[in-house]
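Mind docking chains A, W and H on chain S? Use the hints.
Residue numbers (our numbering), protein chains in the order written: chain S, 52 to 383; chain A, 52 to 383; chain W, 52 to 383; chain H, 52 to 383.
Read the hints as simulated data drawn from the structure, not as lab findings. There's no promise every hint is true.
Intra- or inter-copy, both count: the list cannot distinguish identical chains.
Within a straight-line C-alpha distance of at most 30 Å, the following computed DSSO-like cross-link-like pairs (lysine-lysine) qualify [to be verified]:
| id | residue 1 | residue 2 |
| --- | --- | --- |
| 1 | K322 | K372 |
| 2 | K157 | K322 |
| 3 | K359 | K372 |
| 4 | K182 | K372 |
| 5 | K143 | K359 |
| 6 | K322 | K182 |
| 7 | K143 | K182 |
| 8 | K182 | K359 |
Quantities reported herein were computed from a predicted structural model and do not represent experimental measurements.
There are 4 protein chains.
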Amino acid sequence: MVNIGLLGAGRIGMIHAASVGGVEDAQVAAVFDPDESAARTACDLTGAPSATVPEIMADPDVPAIIVATPTDLHADLVEQASMAGKVVFCEKPIDLDAGRVRACLKTVERMQTRLMIGFNRRFDPSFARVKAEIESGSVGEVEMIQITSRDPSPPPIDYLRRSGGIFRDMMIHDFDMVRFLFGEEITEVSATASVLIDPAIGDAGDYDTASATLRTASGRIAVITNSRRTAYGYDQRIEAHGSNGMVQADNHRTTSVSVSSTGGQIAALLKPFFLERYAQAYRREIETFCALAAGNDVPYPDGQDGLKALELADCALLSVKEERTVRCWNPD
Amino acid sequence: MVNIGLLGAGRIGMIHAASVGGVEDAQVAAVFDPDESAARTACDLTGAPSATVPEIMADPDVPAIIVATPTDLHADLVEQASMAGKVVFCEKPIDLDAGRVRACLKTVERMQTRLMIGFNRRFDPSFARVKAEIESGSVGEVEMIQITSRDPSPPPIDYLRRSGGIFRDMMIHDFDMVRFLFGEEITEVSATASVLIDPAIGDAGDYDTASATLRTASGRIAVITNSRRTAYGYDQRIEAHGSNGMVQADNHRTTSVSVSSTGGQIAALLKPFFLERYAQAYRREIETFCALAAGNDVPYPDGQDGLKALELADCALLSVKEERTVRCWNPD
Amino acid sequence: MVNIGLLGAGRIGMIHAASVGGVEDAQVAAVFDPDESAARTACDLTGAPSATVPEIMADPDVPAIIVATPTDLHADLVEQASMAGKVVFCEKPIDLDAGRVRACLKTVERMQTRLMIGFNRRFDPSFARVKAEIESGSVGEVEMIQITSRDPSPPPIDYLRRSGGIFRDMMIHDFDMVRFLFGEEITEVSATASVLIDPAIGDAGDYDTASATLRTASGRIAVITNSRRTAYGYDQRIEAHGSNGMVQADNHRTTSVSVSSTGGQIAALLKPFFLERYAQAYRREIETFCALAAGNDVPYPDGQDGLKALELADCALLSVKEERTVRCWNPD
Amino acid sequence: MVNIGLLGAGRIGMIHAASVGGVEDAQVAAVFDPDESAARTACDLTGAPSATVPEIMADPDVPAIIVATPTDLHADLVEQASMAGKVVFCEKPIDLDAGRVRACLKTVERMQTRLMIGFNRRFDPSFARVKAEIESGSVGEVEMIQITSRDPSPPPIDYLRRSGGIFRDMMIHDFDMVRFLFGEEITEVSATASVLIDPAIGDAGDYDTASATLRTASGRIAVITNSRRTAYGYDQRIEAHGSNGMVQADNHRTTSVSVSSTGGQIAALLKPFFLERYAQAYRREIETFCALAAGNDVPYPDGQDGLKALELADCALLSVKEERTVRCWNPD
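Just chain S, same shape as in the assembly:
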């Protein structure tokens, strides 16, 4: 039985707690949240006691930690947990500042602990199938990837102000997906962005509509488009074009029902947003973390993956500002 400490019992923390509950041989063993009511709800759900961060870090019976606090606490908690020798799951991003992320990852590296980043989409059965098809060679050498990612509606302006902007908050998932599917580092980024939905988003220094074009050293191209609004649900599609064919992940609908009438054939709406669309992904992600915490050797998105996606977001923003293609920082 792997005991897991849960730091943060907000919406996403509760989802992870429920996922741990579905894993045999794993349980939430302690909960921390500064909000007492949130902490209590999580304790009720899991049957675990409430505890302080130092208590959890010091508890030798809790070898694994889930960090699901607000972003500004991520890096500190990851460092503490790593220094305590724990296996850590941290929601993305580790920090909005790439320098702070690098410092955090140095600690993790020095401590030789394992850090998994919450790029949940890698665990979506459809997207994982895209990856599997690519690895099986069924489409040959992948040459171009196209990702469409469109939210149903913009988050509150307050959220946007603290989010790091559309590239660091929203497109970061797509940057990670491109790296995951290509299996090759990005060397050039060119991006464009506009405010077309709500001027208040522009006033907050952000964009609501954006695209980015990525290129690898071998010349592969990825194109990402993002929008903060659709009329038709949560639009999440991937195409990977290879020398022998194309693999596509299409959208997921609420039902398989359509109505044909004088206006044509009307298919059901898409799943409304990420909680519904990625419900399986969240479960499988935590199953993977529990396997990791139990000492198994399973593939997972690590700290470097978190850092690189953030760096690509920074490159994209720079490209928008300077109207030029940006060569990526390359650690090698």
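Chains A, W and H in isolation, oriented as in the chain S frame:
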């Protein structure tokens, strides 16, 4: 908190137990299964104690019963539970003999208790959506229904021998669906059946491929096709044609992924069988039963629905044998 | 250059004339239509002279005849043309009376001439592809066929009165398709029919909604559904289920465009009716006839195919009237 | 009857000749091609005499000219025809050099004649439907367009050498489509290109895989992806995302047939290439030109459309070379 007694802890019993676990304000409070190991597993899952049938029937703190035993015990247990004043959920069919079912339903009627039959497909979100579209009037007056229901592979011959045959075991779900969607009783049945997959099925006195055509008093027509084998997964489709349009429920696939290559575009396989395809339906069915057990007024398939679907199966079999259209027994 | 005599310059005659015009090495060489204006239009289109039936029958330079007159002239003209040694294309049906058809076919047989019946759907690229898939073995042994055929709206009552009824006028195409795809004769027919769209259709002694179930000697089953009305265009679909899979021909839409909005995803309407849906089929049918007329050995629907489809229509009507399964006349 | 002079009787010239043949009140009245055999074939098809360019230009009975010669003759012939007062249809591009195009357009402007450019895709029923949906307001204000355009295989290297490169030869159609759909000029272009299919394409100074991101003054974004190879046919898709929804034009398949088997559901291949995919577009384009030649007021892509698409191609190439966003020349 509604306490529910679980009779039968086989595969479907365990699914229902898990579903009860997901319902707030409901719990499995006692488990009976003659197989000790099965009972123990169910007790472990639910935290409920093992008990005998008489104990459960006599327990005033258990107002609701789920009957998930082998079919030959259904009618007796329904009668006992009804006489004990309990709300009962019974897996279909109540009995393979329509006379026995009628006798059982008389008891239930006399006791004025509620009996819900496990026609889970009514609770599938896609099929429920078909019903809702019909009721909304979006396709006008429904004139014709087409149901395709094809299993991935035949069950063992031993199962078939005890099953009552393809019409009572498999097509019974489609008979219920036609009644559910039409909202009008069937008055004529004409059916055809063949043994095309495995001669052993014919040797057991059954068919593996069948179709039935149903007609209502107002002249509406329903066509059902069944097969015990597909190469491509579990094929479950419904079409309802009305005066203003058609509503369709299409199949459900394992992922939204397709591969386009020199051979065309290959979409993912269908969900393999009923446990995967109807996972949501099983959960929603038990949620409805728990609401019923809590005294709420919710629509549900009752004993008469169970009887009428069985009678249609009997008519279909008679139609095959006598090569003629069979007029249905009509209670009114 | 094959010279073709066109008998009948109505709507379908003009379509065939245009198709001949698109075939290299074939031309319409003479046109007959009692309506002078229709004849003149056809002459203008084709550049061919107008002529009487006896002139065309006697002309040794016209070895091939297209019969596109009203149905009641078909059998006589086929016989005359056959006795004149000509290759004949005749629109379906040869006659509404099976006895008259048999007599006509005896003449054709005695004269040893070739007679092609206008079952155009065999030449539709999608349906021909279904046939090719079956013959390739890609779905194994075919066990069940499902055909959905729904017109956008009923024809005028006057037309219906002379049409022979829904089974001989509309479902006859589907009977031929089942025989074409199975490659095995039908031995049993069971049918149901209703008047649900327009009581005037019932007053005319016809039905507007019908289904039929066919069975072969080896136990294969085919299910056909027909309706004289849809709200969504011309609904023409085929499924063939085999031991190794299923092949489907789906509907054809006017464009590949869809609109996704708050109501879901709306795909374009189906092609409106047979002229649009089967435009390619009509062309390919006449190409085949021209090849036949040029002495080539190509597969084609012949007089026996015309007769057998009509007999199945008669069986279906009898089944409706007598509420029983009808065993088919079998020549062998 | 409008008499049309055909200059150039190669593959595309013959397609246009056949299209003219299908237009009532229009005919090809004279054919020029330096290749005698090509000229003769066109004369046979159309019934028109062969003539020299000066003869056609001087013929007052030929008010309209189709220029379907090799590209290097386009500008000269357009100028001659314009000075002769004729209505001109010219295949794209007018010239590969934007300066030469501007000079040619000045002549056309001075002569006040009408010049239609062969952007056939505007006339494709599906793409025209996308335009119509946008104009109807069904998706609100359009904010983003995504175009996928992928050829089945690269043209011969010799062709590529004379083609002006992937942006001027292939993506030029997509540049025109973006302008057509946005109804607003592009102000910024950023492009990326690679050689991933065949190094010989790179040796010829061209690319085989490319993407471009366009932006309008109001901040709308368009993303285009091109590849010279697919394994699965001719991939031609458009999406326009608006404030109230999305309109998509999906690919066109050879048939509506799919096969479902143990590997999944296999849909038919896409139409192989542009002649099949855009057959209707070519016809409708020439119908529009004939209407124009007959003096009707119909919308059509004119010389400025031809110039602007070429300028966008030049901007894209510059963007690739200089790795920066290029601000477009703007005439206003």
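The hints, checked one at a time:
For the homomeric pair K322 and K372, neither the shortest alpha-carbon distance inside one copy (34 Å) nor that between copies (42 Å) is at most 30 Å. Taking the shortest alpha-carbon separations for K157 and K322, neither the intra-copy value of 39 Å nor the inter-copy value of 45 Å comes in at or below 30 Å. Proximity of K359 and K372 under a CA criterion of 30 Å is satisfied in both settings, with 20 Å inside one chain copy and 26 Å between copies. Neither within a single protomer nor between protomers do K182 and K372 lie at most 30 Å apart by alpha-carbon distance, with minima of 33 Å and 32 Å respectively.
In this assembly of identical chains, the alpha carbons of K143 and K359 lie at most 30 Å apart only when taken from the same copy (12 Å versus 44 Å across copies). Taking identical chains as interchangeable, the C-alpha atoms of K322 and K182 lie at most 30 Å apart whether they share a chain (22 Å) or sit on different chains (20 Å). Taking the closest pair of Cα atoms, K143 and K182 come within 30 Å of each other only inside a single copy of the chain (21 Å); across copies the shortest separation is 40 Å, beyond that limit. Taking the shortest Cα distances, K182 and K359 sit within 30 Å of each other inside one copy (19 Å), while across copies they are farther apart (40 Å).
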